[in-house]
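A.B. asks: Each chain, written out:
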Amino acid sequence: MTETNHSRHESLLNLLDMTRSYPGLLANDQINLTLNRGEIHALLGENGAGKSTLVKMIYGVLKPDSGQIFWQGKETSINSPAMARELGIAMVFQHFSLFDSLTVLENIVLGLEAREASDNLEARIVEISAKYGLPLEPDRHVYSLSVGERQRIEIIRCLLQNPKLLIMDEPTSVLTPQEAESLFETLRRLCHEGMSILYISHKLDEIKALCRYATILRHGRVAASVRVQDETANSLAAKMIGEELSAVNMTSENSPGELRFAVDKLDYSATDQFGVGLKQISLQVRGGEILGIAGVAGNGQDELLSVLNGEIKATPPSAIRIDGKDCANQGPDQRRSLGLASIPSERLGHGAVPGLTLNENTLLTAHDRMGLVRMGLIDYQKSEEFGRKVISDFDVRCHGVGAEAGSLSGGNLQKFIVGREINQKPSVLVVSQPTWGVDAGAAQAIRVALRELADSGAAIVVISQDLDELIQISDRLAAICSGALSKALPTAEVTLEQIGLMMSGVQAMDSEASE
Amino acid sequence: MIPYLEKRAEHSQTMVYISPFIALGLTLLGGIMLFSLLGKSPAQALYAFFVSPLTSLYGWAELGVKASPLVLIGVALSIGFRAGVWNIGAEGQLTLGAICGGCVALWMYPVDSIFVLPLMMIGGILGGMFWASIPAFLKTRFNANEILTSLMLTYVALLLLSLLVHGPLRDPDGFNFPESRIFHDAASLPIILDGTRLHLGAVFALVAVGGIWLLLSKSLIGFQVKVIGQAPAAGRHAGFSVNRMIWFTLLLGGGMAGLAGMFEVSGPIGQLLPTISPGYGFTAIIVAFVGRLHPVGSLFAGLLIALSYLGGENAQITLNLPIAVTGVFQGMLLFFLLACDVLIRYRIRFKPVSRLRHG
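First to last, the protein sequences are chains U and B. Counting from 1, position 169 in the first sequence corresponds to residue 206 in this note's numbering; the numbering is continuous, with no gaps. Counting from 1, position 251 in the second sequence corresponds to residue 235 in this note's numbering; the numbering is continuous, with no gaps.
Simulated from the structure, these hints should not be mistaken for laboratory data. Hints may be right or wrong, so weigh each one.
Cut-off 27 Å, straight-line C-alpha distance, at most; resulting in silico cross-link-like pairs (DSSO-like, lysine-lysine) [stated by the list, open to error]:
(1) Lys(-9)/B with Lys426/U
(2) Lys202/B with Lys462/U
(3) Lys202/B with Lys350/U
(4) Lys419/U with Lys202/B
Per the computed footprint, the stretches of chain B lying under chain U, defined by three or more beta-carbons under 8 Å from a beta-carbon of chain U, are [as the list claims (entries may be wrong)]:
(5) 18 to 25
(6) 202 to 210
Among chain B residues calculated to face chain U with C-beta under 10 Å, some are [what the hints assert, rightly or not]:
(7) Lys(-9)
(8) Gly194
(9) Leu198
(10) His221
(11) Gly223
(12) Ser225
Think of the CB as a built atom: it goes at the ideal place given N, C-alpha and C, for glycine as much as any other residue.
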């Protein structure tokens, strides 16, 4: 074990027997972890393995039931995030805490202690964002930014504090491969400058590329504590989920069926100045087929989902057809009765209402299709049955249908939302970022479920920034750039270079011609 | 020792229920200080305010008379507030309900039929709905802020009532007083407790509590209210129409306020006067929030606030206190309630002065 090689004085952070329980759940059971100066240390584990709990204790959000924290060799109790920041611990959360109606600069000022908010802050932001490859315009309003851009604010906010330890919770889940690579460069540079980084991720190849040591949690315990270079991605995954991952190629072999979902030259002009308009979007998906749409964050993915699922209506009606029926002018509920289901990328507040129970959350999209409402009155027994079936079919770990959606971990809530839509047997499914921030096991389960739905005859559109995922599950690939969609090419024939060109807006026709 | 607020990891469910009582306690404390400053014995004043009105059956019936409109409007408003539709103009909708209900009564005078009262109720409801439909239209069509439009329309409604009782609706045998004819028997609300003024409106208020409770807990539209209020984007994704919700909640609040207004003129007042409500429509906002936007909560809150009306009158008579004390009490209650809600998200901790200096 590597810990024994370093004395407590050399290490920056030392956790000893950290234990924390929730009612009916031992979230952390005697966790030990050693983090050295200038080291990128991975924290690996499935959803519910206890990563968040551990990190919250380090950041002073939660108090441990027992255990000791040694910071720079001295025993310390971290009572609050303010105290953690004082010690030099900064954290980029998976869910951002930003005010939509304020600008980037204002949001950063709000997060800083008074003494750090100096006059040349804007210059420092620009400097840091240029230095670390995190482009940001300080004067833009947050509501107009994509998820990826919002994350950059959080990262810069942390870097402004010159922390000794930076905790990053799934930082690359919203970045493009290129953006992620430049972030890695940043992190390596920070690491050379002596900063330590605790890196939480489910992406094993990232951990391989970036981290020196990894602590792997499973069911609240340390499953293994390893030197990353001695491991393969597969052996890391095996330690994490306790079984070997099967990286199967899931594109279908059966020939596609009838045309189920067609979009024809759809235009949408953005309503706010920072929004992305859609230009002449055309796509066709047949039954049994999965169309993957790649793209860099903020190129119109959110707008595309809204236009496809009916949250934004469009004209003429024939611009969107479900099983041959015109529906571009219809809302989400009408399209749902035509057989279209959708899963937005934002789980909390869009796909589900955090303050309502899972039972109530089934009603959101299933009330009509599953007949959960009679004469305007809700049949809670029926919705409970439906919810229970989703929970058991998709292995959602929770206290039951009465649990509040907001109390579930990200991956479990995503499994629930995906299950809720798939169990309604839609004929067309539009899904955005199906496995964002979801651990490898759950992500695999979600992808398998999507494939099975397609194999049963449904047409599926997957909008994702995870290229590996798209290559794994989609039959054809297209990319969106500045609101324009490229031509779709068969995944089996497309090269990474071609995808890169499509993502940067160079028309796929060129690459076709060069074949 | 210096007190400070520490954020709770989770919302405290206990505090959701306890904080109204803390607020009530602080209001009483504020009352004691207020009465002492006014040179009255606090014990005597609090007794006059909160106890002596309830020492007789008549007092309890009066409590029901005052609470009926408050509860009726409060439960309806709470639906809108849950959905994020801020109807502040219930007082105006109440006034329009009174005008329309009253007009039906005066128009049918002196017809003696069991249909007079139901027609008046329909008139009252439609009048209130009409007045609330104006902010709803402005909001859905032009995105005009319903707080401002509904509030401003209240003053239009009050002036309209004044115009009518000074003009066309003035009692022909009334020596030019600005009052309408006194409603005939068929147009007066039945009394449900002999020897008191407790009228049929109290029964409707209870029915409204039950009905809204059912609506919220069992119906799809009640579910939509919760979803749109808590997560508008999730509501959009589900296909729930925000505009439909604005219309529904405003019409519901307006209709109930209109009904309450009609009950006032047909029951306790018995005619149209230039002033028909001591601000029930505004006070119902306090009722809705003190009642935690829950129908049953609104019922209890309505009774509590009604008591403050009775107590205010009683204190005015027995102790010569100004009637404004009632408003001060109601204001303090809302103020302390909103302040105490901090305790749901935070807890009070104390730290020694020395530690504060260091860190």
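A.B. asks: Which of the stated hints cannot be reconciled with the structure, identified by number in ascending sequence?
C.D. replies: Per hint list: 1, 3, 5, 8 violated.
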